Amino acid sequence: MNSQSNESNPCQLCNTSQSKESWTENPDYCSINEQPNCINSPEDVSVEYQSVSWFSTNESNTTTKRTVHQPYINFKCMFVLLQDESVFYKIEWYVNNATLIKTVTVSEADIGQATLSSNDLPPLNQTAGLQIQCTVSVTKDLAPANCKRKTSPVYFAGIKVNQAYHDILRKGKTTIMLYMTIPYVTKTEVVNGQVQPLPALAIYPHLPTSTSSCRGSIGVDKCVIEFKAFSFNERQKYDSHDWRQNQTLVLNHVDTNGYEIDQSMTIQLKTRSDGNTFWNNFNQNISMTITDYNEYWKGTSCGSKTDPHMYTFDGVSYENHIEGEFILYRNTLYNQEVQTRHKQCHPDYNFPHCTCAVSVQSGQDVFLVDLCGDIQFVDFLSCNDSVIQVYKISDKHYKISLPTGTYVMVSLVEWPVQGSWQIDIDIYPSLSDVNNTVGLCGTLDRDRDNDFKRRSGDTDNVNLVYPDDFSNSWKVLGDENLLKEPLSTRQPISSTLDRICMCTLNGDQCLYNTMMHCSATAEKQFLCTALTIQTSVSRKKRDLSGKWIPPSLSVPTPLTRNRRDVQFNTSTSRENAESFCTSAFESSDPYKTCQQYVSDLSNSSLSNCINDVIMTGDHNITAIHVEAALQQCVTFVGLNTTLQNANPVVTTSIQSLCPSNCSGHGDCNKGNCSCEVGFGGSDCSFDILSPPVIWESTPSGICDKSLQQCSRVYLKGRYFLENVDKNCFFNKQSIRHDGYILAFTQLESSLEEENLFRGSCSIPSDDVTSWVTKYMFNVSYDRKQFTQSYSFYAYQSECQQHSVENGQDHFTLKKEYCFINNTCVQLAAVNPENRCQECNPGRNNYQWSEIQDCESTTTLKPSALSTSTVVYIVTASVLVFLFVVAIVVVIGVWKYRRSRQYAESSEDENTDYRRDVVSKSWMRFFDDGKFPYIPRGSRYSAETYSSSKTERFY
Numbered sequence: 002m003n004s005q006s007n008e009s010n011p012c013q014l015c016n017t018s019q020s021k022e023s024w025t026e027n028p029d030y031c032s033i034n035e036q037p038n039c040i041n042s043p044e045d046v047s048v049e050y051q052s053v054s055w056f057s058t059n060e061s062n063t064t065t066k067r068t069v070h071q072p073y074i075n076f077k078c079m080f081v082l083l084q085d086e087s088v089f090y091k092i093e094w095y096v097n098n099a100t101l102i103k104t105v106t107v108s109e110a111d112i113g114q115a116t117l118s119s120n121d122l123p124p125l126n127q128t129a130g131l132q133i134q135c136t137v138s139v140t141k142d143l144a145p146a147n148c149k150r151k152t153s154p155v156y157f158a159g160i161k162v163n164q165a166y167h168d169i170l171r172k173g174k175t176t177i178m179l180y181m182t183i184p185y186v187t188k189t190e191v192v193n194g195q196v197q198p199l200p201a202l203a204i205y206p207h208l209p210t211s212t213s214s215c216r217g218s219i220g221v222d223k224c225v226i227e228f229k230a231f232s233f234n235e236r237q238k239y240d241s242h243d244w245r246q247n248q249t250l251v252l253n254h255v256d257t258n259g260y261e262i263d264q265s266m267t268i269q270l271k272t273r274s275d276g277n278t279f280w281n282n283f284n285q286n287i288s289m290t291i292t293d294y295n296e297y298w299k300g301t302s303c304g305s306k307t308d309p310h311m312y313t314f315d316g317v318s319y320e321n322h323i324e325g326e327f328i329l330y331r332n333t334l335y336n337q338e339v340q341t342r343h344k345q346c347h348p349d350y351n352f353p354h355c356t357c358a359v360s361v362q363s364g365q366d367v368f369l370v371d372l373c374g375d376i377q378f379v380d381f382l383s384c385n386d387s388v389i390q391v392y393k394i395s396d397k398h399y400k401i402s403l404p405t406g407t408y409v410m411v412s413l414v415e416w417p418v419q420g421s422w423q424i425d426i427d428i429y430p431s432l433s434d435v436n437n438t439v440g441l442c443g444t445l446d447r448d449r450d451n452d453f454k455r456r457s458g459d460t461d462n463v464n465l466v467y468p469d470d471f472s473n474s475w476k477v478l479g480d481e482n483l484l485k486e487p488l489s490t491r492q493p494i495s496s497t498l499d500r501i502c503m504c505t506l507n508g509d510q511c512l513y514n515t516m517m518h519c520s521a522t523a524e525k526q527f528l529c530t531a532l533t534i535q536t537s538v539s540r541k542k543r544d545l546s547g548k549w550i551p552p553s554l555s556v557p558t559p560l561t562r563n564r565r566d567v568q569f570n571t572s573t574s575r576e577n578a579e580s581f582c583t584s585a586f587e588s589s590d591p592y593k594t595c596q597q598y599v600s601d602l603s604n605s606s607l608s609n610c611i612n613d614v615i616m617t618g619d620h621n622i623t624a625i626h627v628e629a630a631l632q633q634c635v636t637f638v639g640l641n642t643t644l645q646n647a648n649p650v651v652t653t654s655i656q657s658l659c660p661s662n663c664s665g666h667g668d669c670n671k672g673n674c675s676c677e678v679g680f681g682g683s684d685c686s687f688d689i690l691s692p693p694v695i696w697e698s699t700p701s702g703i704c705d706k707s708l709q710q711c712s713r714v715y716l717k718g719r720y721f722l723e724n725v726d727k728n729c730f731f732n733k734q735s736i737r738h739d740g741y742i743l744a745f746t747q748l749e750s751s752l753e754e755e756n757l758f759r760g761s762c763s764i765p766s767d768d769v770t771s772w773v774t775k776y777m778f779n780v781s782y783d784r785k786q787f788t789q790s791y792s793f794y795a796y797q798s799e800c801q802q803h804s805v806e807n808g809q810d811h812f813t814l815k816k817e818y819c820f821i822n823n824t825c826v827q828l829a830a831v832n833p834e835n836r837c838q839e840c841n842p843g844r845n846n847y848q849w850s851e852i853q854d855c856e857s858t859t860t861l862k863p864s865a866l867s868t869s870t871v872v873y874i875v876t877a878s879v880l881v882f883l884f885v886v887a888i889v890v891v892i893g894v895w896k897y898r899r900s901r902q903y904a905e906s907s908e909d910e911n912t913d914y915r916r917d918v919v920s921k922s923w924m925r926f927f928d929d930g931k932f933p934y935i936p937r938g939s940r941y942s943a944e945t946y947s948s949s950k951t952e953r954f955y
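First residue of the sequence shown? That's 2 in this note's numbering, and the numbers climb one at a time after it.
Check the hints yourself; a few may be wrong.
In silico SDA-like pairs for lysine to any residue, Cα to Cα no more than 25 Å straight-line [unchecked claim]:
#  : residue 1 : residue 2
1  : K815      : G702
2  : K299      : C519
3  : K775      : T746
4  : K229      : R273
5  : K174      : N295
6  : K593      : S603
7  : K299      : D111
8  : K238      : P200
9  : K671      : C519
10 : K161      : N75
11 : K816      : E799
12 : K393      : I376
13 : K706      : S603
To be clear, the hints were calculated from the coordinates, so they are not data collected in a lab. Quick caveat: nothing in here was measured; it's all calculated off a predicted structure.
Please put together the full structure from these sequences, using the hints given.
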């Protein structure tokens with residue numbers, strides 16, 4: 002730009018009229034005219050940090066003595082002094098685009114005074130990150146002269162980053178270094194001889210907001226970088242190299258479970274205002290370019306279907322009809338694994354076998370889906386690391402996300418008979434799985450020939466349909482079983498993953514997680530809690546108590562619809578099987594759409610369908626395989642943002658598919674089923690003629706409010722359905738310490754399903770204060786059919802002792818405790834609302850006891866009055882009292898006489914006279930004819946007629 006100064010030499014500027022290729026001398030700053038008293042400028046001119054100086058002030062008052070030591074940073078202009086000691090050096094200081102700040106002319110003897118202090122800077126320039134230069138010219142005397150000057154290179158005063166541009170790989174990381182070119186200083190305050198803490202200089206990384214939550218981000222190893230200051234008492238450290246502090250920040254690419262990523266990102270390093278304005282403007286951009294590689298993992302998956310048909314990451318299909326427990330997937334580098342259990346599918350046939358349980362592990366987290374026995378289980382077994390994220394897509398579909406970005410899709414399939422559940426499993430890999438997987442899924446390396454690698458390292462022929470030797474080699478050994486209790490020998494995730502922080506103004510989150518979860522569909526996260534772990538240790542069926550039926554409601558015999566059980570017939574030919582399955586797939590319009598647009602969709606579901614129909618003869622199994630293909634299609638569409646952007650209408654259509662097309666018992670609307678009356682569940686496949694069956698409730702028997710909130714009831718059973726109005730009905734008894742029932746309340750709350758086999762209800766509360774509370778509850782879908790009844794007592798173990806005698810629960814107060822206002826109070830504890838009351842169990846266990854000889858702070862103390870003053874006050878009070886009484890008596894007598902005159906005059910009006918049949922005398926009645934008239938003077942005598950409660954007197 003024309004007239005712009007050269008930052009490295011203020012004596013030069015850009016003058017296009019003279020030259021477009023080189024700098025031109027600036028006559029405003031550096032005259033090139035030689036004058037008689039000018040001497041050639043010295044060489045090697047530079048700017049350096051010199052020292053820290055302090056300015057101290059004192060303040061004091063009656064209670065506080067304060068001393069403030071304010072530091073200033075000094076710079077010196079370094080150059081080689083001439084041999085002639087009589088010359089004078091003119092030193093000019095410039096900052097930021099050649100702004101002249103200070104000019105000093107000194108001799109060699111006074112050269113130490115030619116410094117620049119941060120206090121010399123004008124307010125707008127008193128900030129770190131300055132670009133400082135000095136120029137030096139030499140004269141023979143102090144007479145003004147424009148001599149040729151030598152200019153120093155730019156000296157950056159502040160915080161520097163070693164590298165502002167970085168290239169990293171997807172899921173990669175890099176390290177930057179921050180260092181100070183000048184010391185960080187801040188004022189020292191000494192109050193009454195005590196040095197106040199010094200604030201550190203804090204630098205915060207501002208992370209980028211991705212254009213899409215599914216395209217990755219940048220994480221760091223910490224959310225604040227701090228530089229330390231030294232106090233006035235430690236000021237000697239500024240004269241050494243102790244102030245030179247280097248800090249590092251690790252930048253990690255945070256991946257996504259989608260295929261596409263943002264390939265360029267920028268983060269900012271900034272200070273925040275803390276009162277020390279010199280350092281407030283630090284702002285450094287770090288630009289990053291992210292490179293994707295090894296992309297062949299995209300569009301692949303491995304898994305196990307129905308009975309079970311297996312397929313590897315590299316696309317090899319095979320059968321595994323062996324009973325037992327297997328390692329389906331293991332990542333040898335990142336400490337994560339998936340195990341399965343196979344059992345016979347049909348209770349009356351010993352062949353084939355189906356997957357009935359799957360366990361997913363990462364670090365010390367274990368999530369288990371176990372449908373093998375009569376008691377089904379879908380829950381965490383352990384969540385010590387809290388890195389596994391489980392999302393409930395519907396009551397039959399779960400997405401289990403691992404910290405590397407790999408995730409497991411689990412689908413529950415009811416086949417071949419009612420109540421017999423199987424599991425379909427699909428594992429979608431991430432970049433972290435490339436070359437790192439073993440197990441029944443094979444090795445993800447784009448080499449099909451090594452997919453049947455046994456645990457020993459030997460490899461079987463991938464053309465085998467039943468590679469039993471390979472399958473048996475990956476059976477679970479006793480010390481690695483994840484389908485039972487979690488193993489304490491599993492290493493924590495911190496042994497394999499770095500902790501990555503996502504830092505925002507709303508809060509920081511640091512996790513052992515290399516990816517950020519994204520989804521285009523609504524998913525409910527399945528949380529792991531302490532109660533989950535506590536109640537998952539034992540999965541035995543509890544004894545059912547007697548039924549409790551709410552008043553006016555009855556429990557009819559449970560109703561069920563008859564469903565067809567499969568009778569296996571192995572005589573179906575391949576030709577017929579192909580015809581049935583092909584027809585089923587081709588008649589599905591959504592499947593044909595998937596075939597057209599989703600290139601990653603395989604034909605494995607069709608092949609599995611044909612094999613199952615040949616084996617079982619069950620033509621209805623085709624619907625299971627069509628649904629499996631559609632679920633895989635939906636998953637691939639969710640991963641492929643390129644497809645989403647290119648075909649948004651097709652994407653919306655596929656992602657709006659309803660599970661199982663609502664099973665023919667409902668209407669589909671944007672992916673959600675509206676079920677017909679009598680049907681429920683995400684796919685309307687469950688009839689709700691009967692209530693759910695409850696196996697276990699928590700709390701059970703008792704709930705200790707001293708240890709837990711007792712705000713919810715957690716249920717395990719079969720089935721807790723979506724799309725159903727379901728409620729818990731409570732009978733609440735508030736019981737006093739002597740056994741008297743203070744209140745009996747009927748309450749209800751909605752039942753929230755967590756999965757098909759677990760639900761919970763909030764426990765309704767009221768304002769009744771009681772010794773203990775007994776709850777009895779049950780569950781209903783339609784308020785007509787009810788489950789078994791359960792009950793528990795809520796109490797406080799802090800002061801209440803629970804015992805059971807002859808099957809009855811008893812609660813007694815512990816020694817040295819009171820129970821007041823529903824609260825446990827220790828012996829001698831004082832009432833916070835009245836300090837003259839305390840807990841004294843010897844006097845009263847359930848009320849505050851008065852403290853003897855205690856004077857309340859709110860009671861006014863009488864002052865010392867003379868005897869005459871006291872007599873005067875008492876006499877005056879008595880006279881006032883007598884005067885008030887006299888006035889009240891006079892007013893009362895006047896009102897009485899007036900009311901009597903009115904009553905006597907009105908009694909003769911409308912009076913009814915009747916003859917008494919016994920006494921033959923006439924009697925007067927009131928106007929309504931119901932009650933006889935009694936003379937006023939006799940109404941309260943012993944001989945007065947005894948009236949009922951409705952008798953009226955005038």
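Status of the hints after comparison with the structure:
Taking the CA atoms of K815 and G702, the gap is near 20 Å; set against the 25 Å cutoff, the hint holds. At most 25 Å may separate the alpha-carbon atoms for a hinted pair to count; K299 and C519 meet this at roughly 16 Å. A hinted pair counts as satisfied when its Cα atoms are at most 25 Å apart, and K775 with T746 qualifies at roughly 11 Å. Between K229 and R273 the CA atoms are separated by roughly 15 Å; this keeps the pair inside 25 Å, and the hint holds.
Pair hint K174 plus N295 holds up; C-alpha atoms about 17 Å apart against a cutoff of 25 Å. This hinted pair checks out: K593 and S603 have alpha carbons roughly 13 Å apart, not beyond 25 Å. Restraint check for K299 and D111: the C-alpha separation of about 73 Å exceeds 25 Å, so the hint is violated. For the suggested pair K238 and P200, the alpha carbons sit about 17 Å apart, so the restraint of at most 25 Å is met.
For a cut-off of 25 Å, the pair hint linking K671 to C519 stands: about 19 Å separates their Cα positions. Using a Cα cut-off of 25 Å, the hinted pair K161 and N75 holds, with the two alpha carbons roughly 19 Å apart. At most 25 Å may separate the alpha-carbon atoms for a hinted pair to count; K816 and E799 meet this at roughly 11 Å. A distance of roughly 20 Å separates the Cα atoms of K393 and I376; the hinted pair therefore holds under the 25 Å criterion.
Restraint check: the Cα-Cα separation between K706 and S603 comes to about 55 Å, which exceeds 25 Å; the hinted pair is violated.
Checked against the numbered hints listed earlier, the structure breaks hints 7 and 13; every other hint is satisfied.
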